[in-house]
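Colleague: Here is what each chain is made of, one letter per residue.
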Amino acid sequence: MSSNATYKPRIAVFKFASCDGCQLSLLDAEDELLSVAAAVDIAYFPEATRAMLKGPYDIGLIEGSITTHHDAQRIQELRRQCKTLVTIGACATAGGIQALRNWKDVDEFIRVVYATPQFISTLKLSTPIAEHVPVDFELRGCPINKHHLIELITAALAGRKPNIPSYSVCLECKRRNNVCITVARGVACLGPVTQAGCGALCPGYDRGCYGCYGPMESPNTTSLANELHLLGQSDAQITRAFRGFNAWSWQFRKTSEEYEHK
Amino acid sequence: MSSHTKTIRVDTLARVEGEGALYIKLAGERVVDVKLKIYEPPRFFEALLRGRHFSEAPDITARICGICPIAYQMSAIHAIERALGTRIDPAVRLLRRLFYCGEWIESHTLHVYMLHAPDFLGYQDAIAMARDHRAVVERALRLKKIGNRIVTLLGGREIHPISAAVGGFYKVPRKQQLQELVEDLKWALDASLETARWSASLEFPDFEQGYEFVALRHPDEYPFNEGRLVSNRGLDIDAAEYEDHFVELHVKHSNALHSVVRGRGSYLVGPLARFNLNFDKLPEVAQQVAREIKLVIPVKNPFRSIMVRGVEIVFACAEALRIIREYEPPTVTRVEVPNQAGVGQAITEAPRGILYHRYAMDEKGLIIAAKIIPPTSQNQKRIEDDLRDYAVRLMAWPLEEASWKCEQAIRNYDPCISCATHSLKVTVERAEADGV
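Chains as they are written, first to last, in our numbering: chain B, 1 to 262; chain P, 1001 to 1436.
Mixed in with the good hints, there may be bad ones.
Below are the DSS-like pairs computed for lysine-lysine, each with C-alpha atoms no more than 27 Å apart in a straight line [as the list claims (entries may be wrong)]: (1) Lys1175(P) <-> Lys1186(P); (2) Lys1294(P) <-> Lys1186(P); (3) Lys124(B) <-> Lys104(B); (4) Lys1405(P) <-> Lys54(B); (5) Lys1171(P) <-> Lys174(B); (6) Lys1371(P) <-> Lys124(B); (7) Lys1405(P) <-> Lys1300(P); (8) Lys254(B) <-> Lys1364(P).
Example chain P residues on the side facing chain B (calculated, C-beta under 8 Å, incomplete) [claimed, not checked]: (9) Glu1019; (10) Pro1041; (11) Glu1046; (12) Ile1064; (13) Gly1066; (14) Met1114; (15) Lys1144.
Think of the hints as simulated: they come from the structure by calculation, not from any bench. All C-beta atoms in this analysis are idealised placements derived from N, C-alpha and C, irrespective of residue type, glycine included.
All chains, please: the whole structure from these sequences, using the hints.
Modeller: The following block contains the structure:
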């Protein structure tokens, strides 16, 4: 990144509406954590350190979706401060599970949870970072795969593109020699339209994929929805299947809306 | 009335999960205001669960917290099983305890070494601490990894595991797979004993409070998923009665709701409460090390929670080894749970304390109402009460050090703000001003 051998890239981790799980992935990289910390300068990462250094930063890792006016402004400022801005996880990349509000009346949501609704300030939509500012790279997953995060940081250090797959979970199943649970047992599975990254975890545990990594490149969601219908899934079940942790990503959104209004 | 006022403020609380701030205003020898501000944006889980099928609740509620997803899965599953009258295989019950052991080891180790210990030793973080205490941090990472290994074996991955389900597990491990954890767990048990002893070597302020401790209590075991909810002030109830005895208050400075015991006020949940109310249920090895490091019940110094977490890691390692010894795979991995209407409540012991869930389902198995009360929102008022008493003692301290001490007092609770709003920011104000 720099001709100066002693220069360490400055990394910052910022949180918006989220569960903290994606940034925790860095602390969960128990084998790599100390070497990563030696290779970079962790300039801002409040979950792990009291030391909070001012920008600019070389790499900004953004967790969480935008759900408040304040956060919508904060991301603009952070974009200016981060040379490379990377979203980590389904919230930052697709709006997260909290995007389910996008189809509901958010004022009614507030009344369900809070006794004094006027204390709560929130936007009507939960939106991904890319709807607000240009994003340089998106790490998928709910949660992200910690090995992807290490690969991303390593690639940034080496000045190359991270090697992260964009094909579907089906390929990971084939590679693991999983018998297809949809074909063999009629289990509903989002694997054919979901981006790889988890290692085909759910099919390996005898359950259908529920789409943590969001839509793969050019997914045929309509065709999969027809298939789910043939397996006996109701329109409401198909709607719910696409309306999970990546519900607001447009391909899943489109299909869920088609089935919701059937 | 003194003319000397001070404000302690910390705008972004570090080494906690989620986003919060602290604001304390002191006037003379009095604390006039304490606010633990939670500005983490709300995500409305209780509302977005409506209309979802009960089978989705464990996966959806896990996303409330990346640090303790298993707690959410366990509370959701137990509440729904109670609503629907589901009877599970005894081996499934054991596996759920083992699953929780993994989360406790991982989460407590993270907190003891990486979030809390740097306060005691004067470091900004564990990475800076590693420069002087490399072996200690390496022990922490290895111990934490073993907790995560249990979770990964049972649940597929550390964060938001995918195997736990209403009725059982999608897939259970073979006996041999669990056996493969034994060597690691034996090391972990030794490392956890070292952790407990090491934590006792830290320096503790002389600070005790008169707490109402609230935790589960089970007749035969240290609590995870079952038991009555008890306190040292006479509470003894079933989970179904929880909402009759506890009230949630919505205060302006927080996106998390404050809980109080009806008619009494703040209370404490988490390691200190569990330990004080269930010491007799700890295995001998954990009781012994607790005595050795002079943890005598009732422990009323919240700073010593780091030692109690150490003892609870010992328990979790010993319990995991016991379960693995006894384990025979279940006859029925996951019982079929038919769609039906019902209402059910459950409380389980998340690493940070009790986590209450209630669900009501209609005849199609769709959720019509959900209520979730996480441990941090229950501790929130208690944290403010601690600070009110503690900050007074810091009047003479330089502002930066006083702020740090207050942060440490908050971290005694291992607060999880992402949970509580379904962050922490500290402000200690200290200005030379006249006339308050």
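Colleague: Taking the closest Cβ pair, is Lys1144(P) under 8 Å from chain B?
Modeller: This interface hint holds because 6 Å falls under the 8 Å limit.
Colleague: Taking only the CA atoms, is the gap from Lys1171(P) to Lys174(B) under or equal to 27 Å?
Modeller: holds (20 Å)
Colleague: Is the Cα-Cα distance between Lys124(B) and Lys104(B) 27 Å or less?
Modeller: holds (9 Å)
Colleague: Per the CB criterion, is Ile1064(P) less than 8 Å away from chain B?
Modeller: holds (6 Å)
Colleague: With a cut-off of 8 Å, does the beta carbon of Met1114(P) approach a beta carbon of chain B closely enough for the hint to hold?
Modeller: Since the shortest Cβ distance to chain B is 7 Å, the answer is holds.
Colleague: Have a go at the Pro1041(P) hint: is there a Cβ in chain B nearer than 8 Å to its own Cβ?
Modeller: Holds, because the Cβ-Cβ distance from Pro1041(P) to chain B comes to roughly 5 Å (cut-off 8 Å).
Colleague: For the pair we were handed, Lys1294(P) and Lys1186(P), check the Cα-Cα distance against 27 Å.
Modeller: Distance of about 24 Å is within 27 Å: holds.
Colleague: Holds or violated: are the alpha carbons of Lys1405(P) and Lys54(B) at most 27 Å from each other?
Modeller: Measuring from Cα to Cα gives roughly 23 Å; hence the hint holds.
Colleague: Taken at face value, is the distance from the CA of Lys1364(P) to the CA of Lys254(B) at most 27 Å?
Modeller: holds (26 Å)
Colleague: Does the nearest C-beta of chain B fall within a distance shorter than 8 Å of the C-beta of Glu1046(P)?
Modeller: Since the shortest Cβ distance to chain B is 5 Å, the answer is holds.
Colleague: Is it true that the CA of Lys1405(P) sits at most 27 Å from the CA of Lys1300(P)?
Modeller: holds (18 Å)
Colleague: Under 8 Å is the threshold here; is the Cβ of Glu1019(P) close enough to any Cβ of chain B for the hint to stand?
Modeller: With Cβ-Cβ at 6 Å, under 8 Å, it holds.
In this structure, every one of the numbered hints holds.
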